[in-house]
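Trainee: From first to last, the protein sequence lines stand for chains A and B. Everything in the first sequence is counted per the working numbering, starting at 8 for the first residue and increasing by one. Everything in the second sequence is counted per the working numbering, starting at 1390 for the first residue and increasing by one.
Among the hints, a few may not be true.
[As the list claims (entries may be wrong)] Think about it this way: if two alpha-carbon atoms lie no more than 27 Å apart in a straight line, the pair counts; the simulated BS3-like pairs of lysine-lysine are:
id, chain 1, residue 1, chain 2, residue 2
1, A, K170, B, K1538
2, B, K1579, B, K1538
3, A, K170, B, K1535
4, B, K1720, B, K1450
5, B, K1746, B, K1490
6, B, K1632, B, K1519
Don't read these hints as lab results, they were simulated from the structure.
Here are the chains, one letter per residue:
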Amino acid sequence: MEHPSGPPMLAPTAASPPDLPCRSARKRWGDLVFAWLCRGAALGVVALFVLLGVFLVIEAWPAIRAIGWDFFRSTEWNPQTNQYGALAFIFGTLATSALALVIAVPLGVGTAVFLAEIAPRWVGAPGSFLVELLAAIPSVVYGFWGLMFLAPVVQDFFNLLGKVIPGLTVPNTGGMGIFTAGLALAVMVLPYVAAVSFDVCRAVPRSQADAALALGATRWHMIWTVILPYARPGIIGGCFLALGRALGETMAVTMLIGNRPEIRFSLFAVGDSIASVIANQLNEAETDMQRAALVELGLILLLVTVAVNVLARILIWRVSAVRSRQGWLDWLRGRTRTPVDLPAAKNGRPPVVVPRQPRRLARFLDRLMTVVLGCCLAVSVGPLLLILGYILYRGVGALNWDFFTQLPAPAGEPGGGLAHAMLGSLMLVGLATAFAVPVAILAAVHLAEYRNSRLGPMVRFINELLGGVPSIVIGIFAYALLVRPLGHFSGWAGAFALGVMMIPIVMRTTEEALKLVPDSLRNASLALGATSWQTILRVTLPAALPAVLTGVFLGISRIAGETAPLLLTAYNSSFWPESPNQPTPFLPYYIFYYSRSGYAEWERQAWAAALVLLAVVMLINVGVRMLMGQRVLLASRAD
Amino acid sequence: MTPLRQVLTVGLLIGTCLTSGCGGSQESGRPGRLAAVRLNAGGSTFINPLMTKWAKVYLEKTGVRIDYSSTGSGNGIQQMINRTIDFGCTDAPLNEEQMAKAAGIGGEVMHIPLTLGGVVPAYNLPGIEKPLRFTGAILAQIYLGKIEKWNDPALQTINPDLALPDLNIAPVYRSDGSGTTYLFTDFLCKVSPEFRHTVGRGTSVRWPSVGIGHKGNEGVAGHITRTPGALGYVELIYALNQKLSFGSVQNREGKFVTASIETISEAARSSLTEIPDDLRFSITDAPGSASYPISGAVWAVFYTDQSRSPKAPALVEFLRWAIHDGQQYCKDLQYARLPDDLVARADRRLDAVKLTK
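From just these sequences and the hints, can you work out the full model?
Mentor: Take a look at the structure:
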């Protein structure tokens, strides 16, 4: 199968290890088994994705057959009369996503350009780190922050509007609605826009920018006429990636959108989104038709996000073929490529030759835009500081020994803790890791070490798609596969869902890491008589281990705060997790549950839980950077 | 290099063991851990605290383990119909469609009431200290969007001694399927024909274009505490625990009654003559001057024909214990007791369970 968007094979040094003449049958068998193991894992990833689609179609089939195209024409969603129309949910999903992009794209691109072209090192490095942290905050924490901080502010703003503009009736929704949900989504997708834009800006050939500067362009002129046009397809691709994320976002949206399925074009409109209604109703669907209709909504979400992701990948690959993949990873590792040190770039004022614009105007524009782009960075990082500060401020006071050791106290009683949920989260993440890591590493070995395989491009592509599937859809998949047939919620199902989410991350980083291992190592091992499976297990993988661990930790930090799929699978429980065969408690659930309760003691604990979760995620992210430093060291030693 | 290699190998080994372990134990279930009977049950979240208490006491008393998962009434019914659990618990009796589906799989379904509960209109009105009074008609008008202000003449008339503010009412309802919604809409349907026509009763209904939705009692309660002017419906237990302000509701006899475990039990007692033999009853808008009008029961539901199940005697034994001795644990947890006459009728229904072929 020819890969449609065709990322050119990354072949940094050499082709795959040569097929050595086998010295003994035993060795050949070992190689064969290992090769098939890896191929099996790679095929397993493809099978997972196919199964996901198939299961959704099977579960949704009664609704597809009974409702047909009316599903897309009606806004009526009424389980009592068995009428199911998706239009209102589709509208809510599109409206919030569009609003988010309108806000996030200019800000994100501005931030990226500032970081890539203007910022001095001492701003650039922490700046990019902070923006990256925005991507690491779990959705439920955004929702919590939106509920406690953003929504009241929005309602106050609306009330103010109502006072200023006569005749305007302002509904009292506590700030809930499409506008607030869109705002929160904007903050959430901003890092995606910024990260990809940053990469593609970096990928613009330096010579082009230097040429512009040499011809007397101001820095802003250079950015506007050279960098941005060159990077445009990539930036658009980044926007599509962000769109994919926004469309499938569940927790923050369901906490803020108001959950009323209707189509209304107003600043104050309340709505509902596809992901939100699934999270709300799937567990308690009364009739088979309602469940099928909800799964059909999930299917729509899957198809749309897959289409959006395919478009995004094509655009990104077009602009910077090989470099974008490496660049993304470089950026993740916190290494910035050293810019070419031009005297002009250093003092910020290029040697002016013949400016078309009056010089003073050009210079003024240059300064103005520098300030504007700098403001973009400030506005992007602002919410992060707001969120972190607010959570730290509210959370620290609620931390105590009981919080880490006790079961929850009944409502109305002080004290108690969330020890069982922390243990449950640990169990779920541990099981998910145990399931995902071997599969992902073996599949990555297949991609990186058996490069002649015709499966490779397809597996890589499917893996990218799997990474873009909204978590709620993966939740439905696990629900249909493990909860419904077994008749009860279980930790297994939750761990499976988390594992499926983790595979793409681990697989991508492992493949990249394996490709960075110098071929001289492989050749040396093979020349000494090792078989290829011995070479891979004892030489190549250990050399890449720190980077592989990085991927694992990135994956863990991604799934540790995941809530939506677990609502449909692990379900929660108020007791110690005894076995994964039972409903299992998890920490993000309590942030979701307690934060909305309006009960002071529970809210306090929700802040504490958010703080603990954030601390873990941040520690992992900082730890990963340190590990990566070690990787560089190791690779150089190996060479 | 050596430690790295070991880490990797051990990691891979553990990974493979664990993943293969998953498959194994999933298929084999949990054999031999408990030789005694274990009843699998699930459904209503409302009864979960009481069921947890019952399970604990009953295990100590008899060694029978009740494994209850509070997955929601709708889910409990589904699982019961598909025989994945031994009995389900639900806040709303099975509707005709569900009865028909069950009839095709395992025959007639028996309903045994276990306890009673109520739903209260809770609100956030700064400065109003005394509890408000509501009528069903007014609540229906609010949820239909016909009454928009707290100082609407209709509300002011029945609350003459309160200075109601000129504030928009912000109605809030449950966005998830819920027995609480069922009770509330069941009551509104009985007192307001307009509500019956435009909204209807059910665990999740199509609300008119007013108000906003939240998941769970805690979501509704939280929204009320955060939003001045909000009005929502929550379970009595929740309102008491959260110390929410909630109003009294006018009952069929025209009296304004505040919800409590006594007034809820009273609603069941005074409706006894109206309760059908299969015990699929509704006690909203009950007769009797002391009855709280938004009251309801939680039922255990299971197939009447239990001849296929070896656990059936234990099931009947447990339910009999729950409606007799078990009732003493209701009060501490703010559940309303079943009236004695209703217990007697439930006993007779339990006698009719078919244990042998």
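Trainee: Against this structure, judge whether each hint is valid.
Mentor: So, going through the hints one by one against the coordinates:
Simply put, K170(A) and K1538(B) have alpha-carbon atoms about 17 Å apart, close enough for the 27 Å limit, and the pair holds. Of the pairs offered as hints, the one joining K1579(B) and K1538(B) holds, with about 24 Å between alpha carbons and a cut-off of 27 Å not exceeded. Taken as a hint, the K170(A) and K1535(B) pair is honoured in the structure, with Cα atoms around 24 Å apart against an allowance of 27 Å. For the proposed pair K1720(B) and K1450(B), the alpha carbon gap of about 20 Å is at most 27 Å, so the pair holds.
Among the hinted pairs, K1746(B) with K1490(B) is consistent with the structure: their alpha-carbon atoms are about 23 Å apart, no more than 27 Å. Distance hint between K1632(B) and K1519(B) is fulfilled; the C-alpha atoms sit about 14 Å from each other, no more than 27 Å.
The structure meets every hint from the earlier list without exception.
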